[in-house]
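On the provided structure of chain W, position chain Z as indicated by the hints.
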Amino acid sequence: AQSVTQLGSHVSVSEGALVLLRCNYSSSVPPYLFWYVQYPNQGLQLLLKYTTGATLVKGINGFEAEFKKSETSFHLTKPSAHMSDAAEYFCAVRSYNFNKFYFGSGTKLNVKP
Amino acid sequence: DAMVIQNPRYQVTQFGKPVTLSCSQTLNHNVMYWYQQKSSQAPKLLFHYYDKDFNNEADTPDNFQSRRPNTSFCFLDIRSPGLGDAAMYLCATSRGQQNIQYFGAGTRLSVL
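Residue numbers (this note's numbering), protein chains in the order written: chain W, 1 to 113; chain Z, 1001 to 1112.
With the rest of the complex left out, here is chain W:
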């Protein structure tokens, strides 16, 4: 079975500060991992994904995430937060039968001026 845990339902950073959003997963098979961003009253937009190969994945808007198998983690980072990064972020894992994605409960990122 697959599951995702996002630590911290709310994260607040100052503009220009490092963003770190945590995601841990559980999977009985090699996982495919994703980060999505959701702005208010919008659908989810893919930020980045890990399937195979390089464990450090770069995405849109300056975000990146590192797959660490030993820690079963896929944390999302951005070196310098921008006001426009304020949104809710969801980590997801794809199930072995590929049709189903399991989402974490989300982390709301607040960026202070």
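Read the hints as simulated data drawn from the structure, not as lab findings. Don't take each hint at face value.
Okay, the calculated beta carbon distance ranges per label pair [said to hold, decoys possible]:
#: 1; chain 1: Z; residue 1: Asn-1070; chain 2: W; residue 2: Glu-15; range: 45 to 53 Å
#: 2; chain 1: Z; residue 1: Asn-1070; chain 2: W; residue 2: Tyr-39; range: 27 to 35 Å
#: 3; chain 1: Z; residue 1: Lys-1052; chain 2: W; residue 2: Ser-12; range: 45 to 53 Å
#: 4; chain 1: W; residue 1: Ser-70; chain 2: Z; residue 2: Gln-1041; range: 24 to 32 Å
#: 5; chain 1: W; residue 1: Ser-80; chain 2: Z; residue 2: Arg-1079; range: 48 to 56 Å
#: 6; chain 1: Z; residue 1: Val-1012; chain 2: W; residue 2: Val-29; range: 40 to 48 Å
#: 7; chain 1: W; residue 1: Glu-15; chain 2: Z; residue 2: Asp-1062; range: 43 to 51 Å
#: 8; chain 1: W; residue 1: Pro-40; chain 2: Z; residue 2: Arg-1067; range: 25 to 33 Å
#: 9; chain 1: W; residue 1: Gly-53; chain 2: Z; residue 2: Leu-1083; range: 41 to 49 Å
#: 10; chain 1: W; residue 1: Glu-15; chain 2: Z; residue 2: Asn-1063; range: 41 to 49 Å
#: 11; chain 1: W; residue 1: Gly-53; chain 2: Z; residue 2: Lys-1038; range: 34 to 42 Å
Restricting the straight-line Cα-Cα distance to at most 16 Å, the calculated cross-link-like pairs of lysine to aspartate or glutamate (EDC-like) are [to be verified]:
#: 12; chain 1: Z; residue 1: Lys-1038; chain 2: Z; residue 2: Asp-1085
#: 13; chain 1: W; residue 1: Lys-100; chain 2: Z; residue 2: Asp-1085
#: 14; chain 1: W; residue 1: Lys-100; chain 2: Z; residue 2: Asp-1051
Values in this document were obtained by computation on a predicted structure and should not be read as measured data. Beta carbons: idealized from backbone N, C-alpha and C, even for Gly.
Just chain Z now, kept in the frame of chain W:
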């Protein structure tokens, strides 16, 4: 251009009055999904179609039904909406074993 289109963006219905939400896609993806998302919660998968094959989640209430008349369109029918069904409903698509889901902007349903 929007690739997964959900109509309407906002829907108000009355308690117990059937309502239908629609989703269309221009991606020619063979898999379509419906999620329910309540405030500050993760999207919860209700069901998905793989081509014409319907796959219902075990905990999806019978009150929720779906139709997919063709590749491009998928509908979510709520037969007798209750107050607890007020939520954002998200449609998503993917192509077979590709890893990416493409989401529509969602329909926010209010039940009065």
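Tested hints:
For Z/Asn-1070 paired with W/Glu-15, a C-beta distance near 47 Å keeps the hint of 45 to 53 Å intact. Remark: the range hint 27 to 35 Å for Z/Asn-1070 to W/Tyr-39 is upheld by a beta-carbon distance near 30 Å. With their beta carbons about 46 Å apart, Z/Lys-1052 and W/Ser-12 fall inside the hinted range of 45 to 53 Å. For the pair W/Ser-70 and Z/Gln-1041, the beta carbons lie near 30 Å from each other, so the given range of 24 to 32 Å is met.
Take W/Ser-80 and Z/Arg-1079: their Cβ atoms lie about 49 Å apart, and the range 48 to 56 Å holds. Roughly 43 Å separates the CB atoms of Z/Val-1012 and W/Val-29, a value that falls within the hinted 40 to 48 Å. One distance hint, 43 to 51 Å for the beta-carbon pair W/Glu-15 and Z/Asp-1062, holds here, with the actual separation near 48 Å. Distance hint for W/Pro-40 and Z/Arg-1067: a CB-CB separation of about 30 Å, consistent with the stated range 25 to 33 Å.
For the pair W/Gly-53 and Z/Leu-1083, the beta carbons lie near 47 Å from each other, so the given range of 41 to 49 Å is met. Checked against the hint of 41 to 49 Å, the C-beta distance between W/Glu-15 and Z/Asn-1063 comes to roughly 45 Å, which is consistent with it. W/Gly-53 and Z/Lys-1038 have their C-beta atoms about 36 Å apart, which keeps the hinted 34 to 42 Å range intact. This hinted pair checks out: Z/Lys-1038 and Z/Asp-1085 have alpha carbons roughly 9 Å apart, not beyond 16 Å.
A C-alpha spacing of about 22 Å is found between W/Lys-100 and Z/Asp-1085, which places the hinted pair above 16 Å, so the restraint is violated. At roughly 14 Å between alpha-carbon atoms, W/Lys-100 and Z/Asp-1051 fall within 16 Å of each other, so this suggested pair holds.
When held up to the earlier numbered hints, the structure conflicts with hint 13 and nothing else.
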